[in-house]
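> Sequence:
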Amino acid sequence: MNATPGADFDRVRRFERGYHPEQVDAHLTELTADRDALARRLAALVTAERELVEEISRAGAAREAAADLPPDRWVALGPRVVALLEEVGAQAGEVSGEAAEESRGVVERAADEARALRERAREAATERRAEAEEEARRRLKEAREEAAGIVEAARADAERVLGAAGEHRDRLTAETGRAEAERREREKRAEEALTAELAAAEEAGARREAEILGYAENLLGRRREDHAAATREARARQREAEERAAGLLAEAEGHRRRIERETARLLREHEERAEAVREHLRQVRRALAALTGRAVEDTEEAGDAEGLDAPDTSDTSGDPGAAGARAPGETEGPDRDSS
Numbered sequence: 001m002n003a004t005p006g007a008d009f010d011r012v013r014r015f016e017r018g019y020h021p022e023q024v025d026a027h028l029t030e031l032t033a034d035r036d037a038l039a040r041r042l043a044a045l046v047t048a049e050r051e052l053v054e055e056i057s058r059a060g061a062a063r064e065a066a067a068d069l070p071p072d073r074w075v076a077l078g079p080r081v082v083a084l085l086e087e088v089g090a091q092a093g094e095v096s097g098e099a100a101e102e103s104r105g106v107v108e109r110a111a112d113e114a115r116a117l118r119e120r121a122r123e124a125a126t127e128r129r130a131e132a133e134e135e136a137r138r139r140l141k142e143a144r145e146e147a148a149g150i151v152e153a154a155r156a157d158a159e160r161v162l163g164a165a166g167e168h169r170d171r172l173t174a175e176t177g178r179a180e181a182e183r184r185e186r187e188k189r190a191e192e193a194l195t196a197e198l199a200a201a202e203e204a205g206a207r208r209e210a211e212i213l214g215y216a217e218n219l220l221g222r223r224r225e226d227h228a229a230a231t232r233e234a235r236a237r238q239r240e241a242e243e244r245a246a247g248l249l250a251e252a253e254g255h256r257r258r259i260e261r262e263t264a265r266l267l268r269e270h271e272e273r274a275e276a277v278r279e280h281l282r283q284v285r286r287a288l289a290a291l292t293g294r295a296v297e298d299t300e301e302a303g304d305a306e307g308l309d310a311p312d313t314s315d316t317s318g319d320p321g322a323a324g325a326r327a328p329g330e331t332e333g334p335d336r337d338s339s
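Position 295 of the sequence shown, counting from 1, maps to 295 under the numbering used here, and the rest follow consecutively.
Everything labelled a hint here was simulated from the structure, so no lab data went into it.
The structure displayed is predicted, hence computed values, not measured ones.
For every residue, glycine included, the Cβ atom is placed at its ideal position computed from N, Cα and C.
Accuracy of the hints is not assured; some may be wrong.
[Said to hold, decoys possible] Distance ranges between label pairs, derived from CB positions:
no.: 1; residue 1: Arg58; residue 2: Glu127; range: 44 to 54 Å
no.: 2; residue 1: Arg137; residue 2: Asp25; range: 16 to 26 Å
no.: 3; residue 1: Glu131; residue 2: His168; range: 48 to 58 Å
no.: 4; residue 1: Thr195; residue 2: Leu172; range: 28 to 38 Å
no.: 5; residue 1: Arg244; residue 2: Ala204; range: 32 to 42 Å
no.: 6; residue 1: Asp170; residue 2: Ala199; range: 40 to 50 Å
no.: 7; residue 1: Ala156; residue 2: Thr126; range: 36 to 46 Å
no.: 8; residue 1: Arg224; residue 2: Glu187; range: 47 to 57 Å
no.: 9; residue 1: Arg58; residue 2: Glu123; range: 43 to 53 Å
no.: 10; residue 1: Ala153; residue 2: Arg120; range: 26 to 36 Å
no.: 11; residue 1: Asp25; residue 2: Glu146; range: 37 to 47 Å
no.: 12; residue 1: Arg235; residue 2: Glu209; range: 30 to 40 Å
no.: 13; residue 1: Ala143; residue 2: Arg122; range: 44 to 54 Å
no.: 14; residue 1: Ala181; residue 2: Gly214; range: 44 to 54 Å
Modelling step: build the complete structure from the supplied sequences, incorporating the hints.
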C-alpha cells in the first residue's frame, strides 16, 4: 500500500488534504477486483494449458510406443487400431496446436487487459494525484491563511497577555517592595525592642549581681567576724583550759606530796605503835611466864611480832586524812586494857 497512490491519499487524509478516504478506497477496491478476476482467468488458462500439455504428452508417448512396434505387430493390431492411433495422433496435434494458439491468445489478451488496467489505474492515479495536489495546494493556502490569522490572533493575545503580565509583574513588584519595606520596618522595630529588652535585662542582671555580691560580701564579713570571734573564744578557752589544767596539775602535785608526807608519817606512827605493841606483848608473855612458870616460845613471839609489824592501811587507802584522824601518840585497845 505504501507504493500505491492510496498511500498519498492516506497521508493527505491525515493532514486533512485531497479526496475523502471513502472515494480512494472505493477506486482501489474496483482495481483490486479487476486484478483478482484477471488472476483467476490466468490461473484457469494455465490449468487448461497444463492439462492439454499432459494430454499431448500422453498421445505422443502412445504414438512413439506405436512407432516402436515392429510391422508385424501393426498388422496384428489390425487396420482399425492403426487408423484409430493415427486419428488420435492427428487430433492430438490439432488439439495441441489449438491449445497453444488459444493459450497464447489468452496470455496476450490478459497482458493487454492488464496493461490497459494499469494504464487506466495510472491515469486515474495521476488524475487523482493532480486533483489531490490541487486540493492540497488549495487547502494548504487556506491553512496558511488560517494559520496566519491564528498567528496574528495568537500574537495579539500574547501581546495582551504580556501586557497583562507586565502590569501584574509591576503590581507584584510594587507589592513586594511595600512588603519588603514593611518587613524591614517590623524587623527594625523588633530589633529595637529586643535591644531595649536586652539592655533592661543586662541592667537588671547587673543590679542583681551587685546585690548578690553585696550580700555575699556582707555574709562573708559576718562569717569572718564569727570565725574570728570563735577563734578568739577557742583560744581563750584553750588558755583557760591550759591554766585550769596547770592548776589541777599543781594541785594534784601538792596533794600527791601531802599524801606522801602523810603516808610517811603514818608509816612512822605505825612502826612506833607496832614496836609499842611488841613491847607490850613481851611484857605480857613475861608476866604470863612469871605467873605460870612456863617459858613462852620465841617463835610465837616472833610470829606475834611479825603480825604486829604489818601496817594496817586498809582504812587509809581511800582517804589519806582518815589515818591522820588518830593522834600521833594514840594506841590500840590492848594498850588501854593493859593500862
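> Please go over all the hints and tell whether each is borne out by the structure.
Now for the hints, and whether the structure bears them out:
1. With their beta carbons about 52 Å apart, Arg58 and Glu127 fall inside the hinted range of 44 to 54 Å.
2. Judged by the Cβ atoms, the range 16 to 26 Å given for Arg137 and Asp25 holds: they are separated by roughly 23 Å.
3. For the pair Glu131 and His168, the supplied restraint of 48 to 58 Å holds, since their beta-carbon distance comes to about 52 Å.
4. Between Thr195 and Leu172 the beta carbon distance is about 33 Å. The supplied range of 28 to 38 Å therefore holds.
5. Between Arg244 and Ala204 the beta carbons are some 58 Å apart, a value that contradicts the proposed interval 32 to 42 Å.
6. Distance hint check for Asp170 and Ala199: the Cβ-Cβ separation is about 43 Å, which falls inside the suggested range of 40 to 50 Å.
7. In this structure the supplied range 36 to 46 Å holds for Ala156 paired with Thr126, their Cβ-Cβ distance being about 44 Å.
8. For the pair Arg224 and Glu187, the beta carbons lie near 53 Å from each other, so the given range of 47 to 57 Å is met.
9. The given range of 43 to 53 Å is respected by Arg58 and Glu123, whose C-beta atoms sit roughly 47 Å from each other.
10. The given range of 26 to 36 Å is broken by Ala153 and Arg120, whose C-beta atoms sit roughly 47 Å from each other.
11. Here the CB-CB span from Asp25 to Glu146 is close to 28 Å, at odds with the stated 37 to 47 Å.
12. Our hint of 30 to 40 Å for Arg235 and Glu209 holds, since their Cβ atoms are close to 38 Å apart.
13. Ala143 and Arg122 have their C-beta atoms about 29 Å apart, which leaves the hinted 44 to 54 Å range violated.
14. At about 49 Å, the CB distance of Ala181 to Gly214 agrees with the hint of 44 to 54 Å.
Hints 5, 10, 11 and 13, counting from the list given before, are not met by this structure.
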